[in-house]
Amino acid sequence: MGVLSFLFSSSIGRKLVMAVTGVSLIAFLVVHCAINACVYFMDGGATFNAAAEFMAHNLFIRLAEVGLIGGLLIHIVQGLSLTLDNMKKRNNKYGAAPKRSNSTWYSRSMGLLGTILLLFLVMHLKDFWIVSRFDAQGGLTETKTLYHFMVEVFTNPVPVTLYVLGCISLAYHLLHGFQSAFQTFGLNHPILTPMIKTLGVAFSIIVPLVFASIPVVLHLDLIK
Amino acid sequence: MKHSMKVNLQVWRQKNAQAQGNFENYSVETNPNMSFLEMFDVLNEQLIHDGKEPVAFDHDCREGICGMCSMVINGNPHGPKQAITTCQLHMRSFNDGDTIVVEPWRANAFPVIKDLSVNRSSFDRIIASGGFVSVNTGNAVDANNILIPKDIADEAFEAATCIGCGACVSACKNASAMLFVGAKVTQLSLLPQGQAERQSRVVAMVNQMDAEGFGACTNTGACAAECPKGIPLSVIATLNREYTSAKLNGK
Numbered sequence: 069m070g071v072l073s074f075l076f077s078s079s080i081g082r083k084l085v086m087a088v089t090g091v092s093l094i095a096f097l098v099v100h101c102a103i104n105a106c107v108y109f110m111d112g113g114a115t116f117n118a119a120a121e122f123m124a125h126n127l128f129i130r131l132a133e134v135g136l137i138g139g140l141l142i143h144i145v146q147g148l149s150l151t152l153d154n155m156k157k158r159n160n161k162y163g164a165a166p167k168r169s170n171s172t173w174y175s176r177s178m179g180l181l182g183t184i185l186l187l188f189l190v191m192h193l194k195d196f197w198i199v200s201r202f203d204a205q206g207g208l209t210e211t212k213t214l215y216h217f218m219v220e221v222f223t224n225p226v227p228v229t230l231y232v233l234g235c236i237s238l239a240y241h242l243l244h245g246f247q248s249a250f251q252t253f254g255l256n257h258p259i260l261t262p263m264i265k266t267l268g269v270a271f272s273i274i275v276p277l278v279f280a281s282i283p284v285v286l287h288l289d290l291i292k
Numbered sequence: 011m012k013h014s015m016k017v018n019l020q021v022w023r024q025k026n027a028q029a030q031g032n033f034e035n036y037s038v039e040t041n042p043n044m045s046f047l048e049m050f051d052v053l054n055e056q057l058i059h060d061g062k063e064p065v066a067f068d069h070d071c072r073e074g075i076c077g078m079c080s081m082v083i084n085g086n087p088h089g090p091k092q093a094i095t096t097c098q099l100h101m102r103s104f105n106d107g108d109t110i111v112v113e114p115w116r117a118n119a120f121p122v123i124k125d126l127s128v129n130r131s132s133f134d135r136i137i138a139s140g141g142f143v144s145v146n147t148g149n150a151v152d153a154n155n156i157l158i159p160k161d162i163a164d165e166a167f168e169a170a171t172c173i174g175c176g177a178c179v180s181a182c183k184n185a186s187a188m189l190f191v192g193a194k195v196t197q198l199s200l201l202p203q204g205q206a207e208r209q210s211r212v213v214a215m216v217n218q219m220d221a222e223g224f225g226a227c228t229n230t231g232a233c234a235a236e237c238p239k240g241i242p243l244s245v246i247a248t249l250n251r252e253y254t255s256a257k258l259n260g261k
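So the protein lines, in turn, are chains A and B. Under this note's numbering, think of the first position of the first sequence as 69, with each following residue one higher. Under this note's numbering, think of the first position of the second sequence as 11, with each following residue one higher.
Errors might be hidden in some of the hints.
Said to hold, decoys possible - Using C-beta positions, here's what the derived DEER-type ranges look like: (1) B:Lys160 x A:Leu127: 28 to 34 Å; (2) B:Gly240 x A:Leu187: 57 to 63 Å; (3) B:Thr171 x A:Leu255: 19 to 25 Å; (4) A:His100 x B:Arg102: 53 to 59 Å.
What the hints assert, rightly or not - Which chain A residues stay away from chain B? Per the calculated CB distances, all over 12 Å, these: (5) Ser73; (6) Cys101; (7) Tyr108; (8) Ala132; (9) Thr172; (10) Arg176; (11) His192; (12) Thr209; (13) Glu210; (14) Val219; (15) Val232; (16) Ala270; (17) Ile274; (18) Val284; (19) Leu290.
Unchecked claim - List time: in silico EDC-like cross-link candidates among lysine to aspartate or glutamate, alpha-carbon distance up to 20 Å: (20) B:Lys239 x B:Asp70; (21) B:Lys16 x B:Asp164; (22) B:Lys25 x B:Glu73; (23) A:Lys156 x B:Glu222; (24) B:Lys16 x B:Glu34; (25) A:Lys161 x B:Glu222; (26) B:Lys183 x B:Asp220; (27) B:Lys124 x B:Glu34; (28) B:Lys239 x B:Asp134; (29) A:Lys292 x A:Glu220; (30) A:Lys156 x B:Asp220; (31) B:Lys62 x B:Glu48; (32) B:Lys91 x B:Glu63; (33) B:Lys183 x B:Asp152; (34) B:Lys62 x B:Glu34; (35) A:Lys161 x B:Asp164; (36) A:Lys167 x B:Asp106; (37) B:Lys261 x B:Asp220; (38) B:Lys183 x A:Asp153; (39) B:Lys239 x B:Asp164; (40) A:Lys167 x B:Asp108.
Hints listed in this document are in silico derivations from the structure and should not be mistaken for laboratory results. For each residue, glycine too, the CB sits at the ideal point set by N, CA and C.
Chain B with its partners taken away, still in its complex shape (with noise of 0.2 Å):
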């Protein structure tokens, strides 16, 4: 197995929010068992070898389940490969001397703060838009108290792994946040627990979306595609039934 290749990079580059960006065009030398993240590290190194600014860019555990790391890679979020996220992306998924663009996620709900790392808050408040649960701590209580059959618990579990990192917007022609919002809605509408607020916070929780600036679905099933936890559509029917179910009740 070859042990170096060289990648062109076009990055784009933005001081802030404000600041019109570009892009600047780098070459790198890495090697091919790289995770994506580590180009980046050894770009960075490079710059500052260089004494030039280094590239911000979001990133947190490397191991898939943070949802940090941000990057629309030639076009794609998260890269050429489907489900997984860019920290899981390795450099043998490119060829030798490729030129790849690197962008942030673009989104008007998503403003950049400095180069590919964006302002992700708005997912914070749609969140918070849907109150909370109690769960009491102390010590544990037992693991069959209340009873969940076990496709509905799948169910919401395959909902629940969505990592809220954004893919599905930076994807969506219409910057629509409704495949992340669907995933939150499923899982807790699914769920006992969930019950007592399931109207009111569909409707709180899609209020604050539409408030957030996020764009309307038009289903074209671009965020299904590029999420990294394969997150199903139906999470979007179920969020529409909700949705509506929950006017006709008045909420």
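Isolated chain A, as found in the complex (with noise of 0.2 Å):
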């Protein structure tokens, strides 16, 4: 076995891949959460659409996306054959369900959770991405931003609710995902630990209640 190929063969490997793309995606999700936060500054979405501007069109960030988007896909690809691999380790299922839990139900259902979100992330790259990224799918013009699509978007309750929803299945992944990878880095430390694990709590409410925060107060009309 050769130096890399580790890590798309053995279980420490694969479970290395994961982490490091994981940890890659949360750094991305705070950028995407401090951009949709500029809706709040309730200036009809004019800091907003120039954010969204500069993050469509500057080079480097473009070429981040690549990176971006080459990292996502890794994880989605180990992640649903890690867990079909894990899936077929015990053909015998047991009789009974623990009595006393061991673990969180999250810390369990990962690959439900990460299903979830690959769907989400389908229907909102359609929705949001496409249109922002390539000028002839969307046609957003100087009268039509992204801020005023995304108003439209979110007049429909069922965007706002799916959008809901797949904040809280993020909200989960995240719960167990974050303080997870540096586990897999091989960090148990008694103080640092501890610490790592309240900030991943912290920052798996945080984030996604701003994310699911946008679509509600859009569709309640409560920001100009």
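Taking the hints as your guide, dock the two standalone chains into a single complex.
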């Protein structure tokens, strides 16, 4: 086995790949969340549009985006194949579920939560990413900005509900994934690990809450 | 204190590794101060008396150190209490009239031999793949011949308390053996005697673990919650670190 092939074949290498790509996706969430939160400037989306414009046309951002999509695809493919492989390790299932809980339901459901997020992502990229990146598809103009477009999408309660559900899945996925990544890196420290766990819980609540709040406040017409 | 109680058991019966198993219902009059295994002895006496096949189950020391008593009781390996083995579980932990489901460890890497008895040779092969350390026999060497700092010795000892029972595998949703392998790798990589083969050992043991058909760890923590010896999840972090650094060194 080569120096790098272990990343895609050994049990530890595979989870290392999940952790590295997972942490880079967490870093992306910080940027995405900060830009979305610009709608709270209450300036009719001017700051938000400026930020979105920068993200869409800056060369370095576009290059980073290629890396992001690569990392995302690896996270998805490796995650699905790991989940499917792990399901084959116990052919005869238990007759009784554990009476005394030994782990959290979301830590055992990362494959399911990830699949929900993947479906959400397909819808989300179709809704906004394609319009903001490929001018011919959506036709964003001076008068019809990404902010206007977002307001339009969220007048319908169906996408609002789906986006909130997507954010709840994200919260639970992060609640396990954030601290789990550091355990995979081999970091289990008497002082640092409790700090990472607290930070992980805070991140998993705050970031999805900010994301989920935007469709809701736009739908209820609470910001101008 | 009451001296008699009745429990209803649903016990997994399986003739051999190939046979389809099923749950059988039994009712046992027992004493609340009996251990769970003694309750099974009573059940087997009853079955023998009735001319039926007794339930095969593993047991040896009956004092919590051999790691043989592999029973999943009401969905938890070694039953409802934490940090004990099945032989250390007493019937007073249950109520009169309770229905108790008893199953073997379930993992493809631990095939059922019969009823509640499973084959854990895969653990032995992982240990063997790690190689050996040389220990001189003959006169006992001086206790302080090899100096080991107290905190390191304590940490190695904590990992060495693993009795290789397999509860970690049975509790893990992925049937992963990483808590077991992590405990062994942590113990040997901390001590001076284990340094010579430190990197080749971890790679060989992880390769063997994967080859045996254990799943990959997803850090749910169920293993550490069910470990009768309280082996902490940090041994898996150590295993990840040891393995990754060995790989980065081209091992």
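Hints the structure fails to honour: Failing hints, ascending: 1, 2, 5, 9, 10, 21, 22, 32, 33 and 35.
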